[in-house]
Amino acid sequence: MLYINGLRAAIDGREILKGINLTVPTGEVHAIMGPNGSGKSTLSYVLSGREDYAVTAGTVTLDGRDLLAMEPEARAAAGVFLAFQYPVELPGVGNANFLRTALNAIRRTRGESELDAVQFLKLARAAAKRLSMPDDMLKRNVNVGFSGGEKKRNEILQMAVLKPKLAVLDETDSGLDIDALRIVADGVNAQRGPDFSALVITHYQRLLDYIVPDRVHVLMDGRIVRSGGPELAHELEASGYAGLAEAA
Amino acid sequence: MSAALQDSARGFVARYEGARGHLPGDASVRAAAARTLRDRGLPTPREEAWRYTNLRPLAEFSPAPAAGVRPLALLALVPAFDGAARVVFVDGHYRADLSAPPVGFTTFASNPSFGQAADPVRERLVALNTMFAEDGARIDIPAGVDGGVVVLASLGSPGAAYHPRHAIRLAAGARLTLVEVAVGEGAYLHNPVTELAVGEGATLVHIRLQDESTAAFHLATFYADIAARGTYDSFALTLGGRLTRAEVHARLLGHGAATHLNAAQLLGGAQHADFTTVVRHDAPSCASRQTVKNVLTGHSRGVFQGRIQVARVAQKTDGYQMNQALLLSPDAEIDSKPELEIFADDVKCSHGATVGELDPAQIFYLRSRGIPETEARAILVHAFLVEAFDAVAHDGARAMLIAAVDAWWAR
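Protein chains in written order, with this note's numbering: chain A, 143 to 390; chain B, 59 to 469.
If you are wondering where the hints come from, they were derived from the structure by calculation, not from laboratory data.
Model, not experiment: these values are computed from the prediction.
Errors might be hidden in some of the hints.
[Unchecked claim] With the Cβ distance kept under 7 Å, some of the chain B side facing chain A (calculated, not the full set): (1) 425; (2) 428; (3) 441.
[What the hints assert, rightly or not] FRET-style restraints, in silico, Cβ to Cβ: (4) B/273 / A/335: 34 to 44 Å; (5) A/282 / B/416: 20 to 30 Å; (6) A/287 / B/201: 16 to 26 Å; (7) B/133 / A/332: 51 to 61 Å; (8) A/335 / B/416: 16 to 26 Å; (9) B/451 / A/287: 15 to 25 Å; (10) A/282 / B/328: 34 to 44 Å; (11) B/400 / A/197: 55 to 65 Å.
[What the hints assert, rightly or not] Quick look at which bits of chain A chain B covers, simulated, 3 or more residues with Cβ under 8 Å: (12) 157-163; (13) 188-195; (14) 209-219; (15) 233-240.
Where a beta carbon is used, it is the ideal one built from N, C-alpha and C, also for glycine.
Make a model of the complete structure from these sequences and hints.
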């Protein structure tokens, strides 16, 4: 279970998160919606441990473990995965090598045996196939020369291989056409189960037609101002965030 | 002028006076070189070509009878490529017992003639080499012959001072891949001069791995003369040496000649490495390409000086030069100096330089996937350097360079 209590965070002295309270029970998928600048991406970075954000108050635990005390790599080993809104290009780093290094680093931390190149490739190829990714994407350098849609699919591929307990998807739908959106959503849905939870951060309701959330939260100005079932997303689509701001 | 350094120059001249009676070859050439060193001393940073590299630490080195044995353990580091010939020098002396020489190989010791390309009057390190040169590799590849791959290994031991004189000559249409590996132990001076002649339509691929002891002095000067449609394609990786200067004089002498002078330098501690090139475009439609990558940690300092001289006749010259540096510590330094002298009016010449640190966004991306920070940094540095190795077409040599970088990083 992800448990966020009174979380405040700032960047360059400017407070972005102003007291977030949120609980995501294991096995559930929650959506976070909100207008630009409401703090959605900040929340995803704070959960995954990016250093330029300063946490000023509050706690975050995953299955009782204090995430905020951990380095980013320790959070990954503890089961946190961030699908980046803008996946980073790594020239000179092969995609398969990168992913195997990551998987083995996580397995090492967990006291599991490392996979050799053959075992790994079998696993990665199968995952790539499920995401309709050509095999050569594993051979290319990480995200270099990838289209927007390929980059997002590559994020989902990493998620499928690393098998996190908690996936944070930061606007994974942005820049995707409808076919790519369906592939990405299928990739996320395939992970759903009693041991997997996800925080799906999105601007639009469209993604939530494909990844149907258990709960929807609305983030505005650094606080969660409303929570509800999947129908809340449709309501927002009709009324917009402006209408909600007036009501709040 | 550094008094200590000029004391050192006088010390070399005195040692030459003591040794000259039993040095092989043309005594007058050696005597002229000794006069040059005596009159002008060793170069100092007051000279423009030496502005960023101070030879002063050389004054702390005094040659001693070389141990010569221990470095043989380093022979294990010298790669054995399938079908490649191998010539091994220990403290500057050819070791037939450790070598499998190619056809067309002789030594300077057996045929001590100085070539025409090297310039002991202008370059004091060449003068120093000319005074003391006793041995070296001489490889002649006849017209149209593919000489395959030759590994040239130099092993140094503490106290040794050696000044090899190498000469590689490719006749018209010949081919050769020369893989040079320099390793050693302790403080020693390795001051080779290499003359390379690439005939018409010939191709010389020259890959150098400089992995000397970090107490060693590596001062190497190369002269490459490239005839029409000939190619001199070189790549040098510098990992070792306390003080390194590698200076390449490439002359494009015939229509359509080409040269690549690519390099990478990975330095730490107080290492200093200087890669200096002078490319002369003396004929039309020649191309020169240089990409030099530096990764600098600790207090290390990297230098790249690249001069391109385009003669009036050298129309349609295509020259390119790029220096990239990753500074991994606040105390590391890179000095980059391009110099373009262009006397023709229809040429394409460009140069560029970038200096940066590792990208925090890339480090975070790797860490967010579970890769510890130290490993993440190593992966990114590796990627930066290994991109440079794409210029090395020989698979075995490229693997050798990658392994050397990984070993450096693991030290």
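Next item on the list: Hint by hint, work out which the structure violates, then give me just those numbers in ascending order.
Entry: As far as the earlier hints go, 4, 6, 8 and 12 are violated by this structure, in ascending order.
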